[in-house]
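J.: Sequence:
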Amino acid sequence: MQLPEDQIRAGHIPADLYRQLPPGTDARSVVIVQRAPRSYTGPIVLTLVVLTGSVAVLLVIAFVVQVIAGAAVAVLSATGGLSYTINRTAKRSK
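With positions in the sequence shown counted from 1, the corresponding number in the numbering used here is that position plus 481.
Keep in mind that the hints were calculated from the coordinates and are not lab data. Predicted, not measured: the structure shown is a model, and the values here were computed from it. Backbone N, C-alpha and C fix where the C-beta goes; we use that ideal spot for every residue, glycine too. Certain hints may be false.
Said to hold, decoys possible - DEER-style ranges, computed between Cβ atoms:
| hint | residue 1 | residue 2 | range |
| --- | --- | --- | --- |
| 1 | GLY534 | PRO504 | 57 to 67 Å |
| 2 | ALA508 | VAL538 | 58 to 68 Å |
| 3 | LEU498 | PRO518 | 17 to 27 Å |
| 4 | GLN515 | VAL536 | 33 to 43 Å |
| 5 | VAL531 | SER558 | 34 to 44 Å |
| 6 | ALA517 | ALA537 | 32 to 42 Å |
| 7 | LEU527 | GLN547 | 23 to 33 Å |
Work out the full structure: start from the sequences and follow the hints.
T.: Here it is as C-alpha cells:
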C-alpha cells in the first residue's frame, strides 16, 4: 500500500481523519467518501472541436475570398477595366 487511497480502500483510517472523529465513534462503522478522480475527456474533446471548427471556418473564408477575387477579375476583364494574364515563359537551357 503505497498511496493513501490504497490505505482507505483497505479500511485503514489515516491519523488526521481519525483525530477528527467525535469521541465515542466506532471507527469500524466510519465510511470515508472520496471525490471521484477528475475526467479530462470533456475538456480535451471541447478543445479538439474548437480547433476543428476554427480550421473549417478559415478554410471556408479562404475559399470565399478566392471565389470573390476570381469573380471580380472576371467581371473587370469582361468590362475592359482590367486584363489579367498569366505569363509563363519557358526557361531556355544553354
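J.: Hints first: check each against the structure and report whether it holds.
T.: Structure-based check of all given hints:
{"no.": "1", "hint": "GLY534 - PRO504: 57 to 67 Å", "in the structure": "holds, 59 Å"}
{"no.": "2", "hint": "ALA508 - VAL538: 58 to 68 Å", "in the structure": "holds, 59 Å"}
{"no.": "3", "hint": "LEU498 - PRO518: 17 to 27 Å", "in the structure": "holds, 19 Å"}
{"no.": "4", "hint": "GLN515 - VAL536: 33 to 43 Å", "in the structure": "holds, 40 Å"}
{"no.": "5", "hint": "VAL531 - SER558: 34 to 44 Å", "in the structure": "holds, 41 Å"}
{"no.": "6", "hint": "ALA517 - ALA537: 32 to 42 Å", "in the structure": "holds, 34 Å"}
{"no.": "7", "hint": "LEU527 - GLN547: 23 to 33 Å", "in the structure": "holds, 31 Å"}
No hint from the list above goes unmet by this structure.
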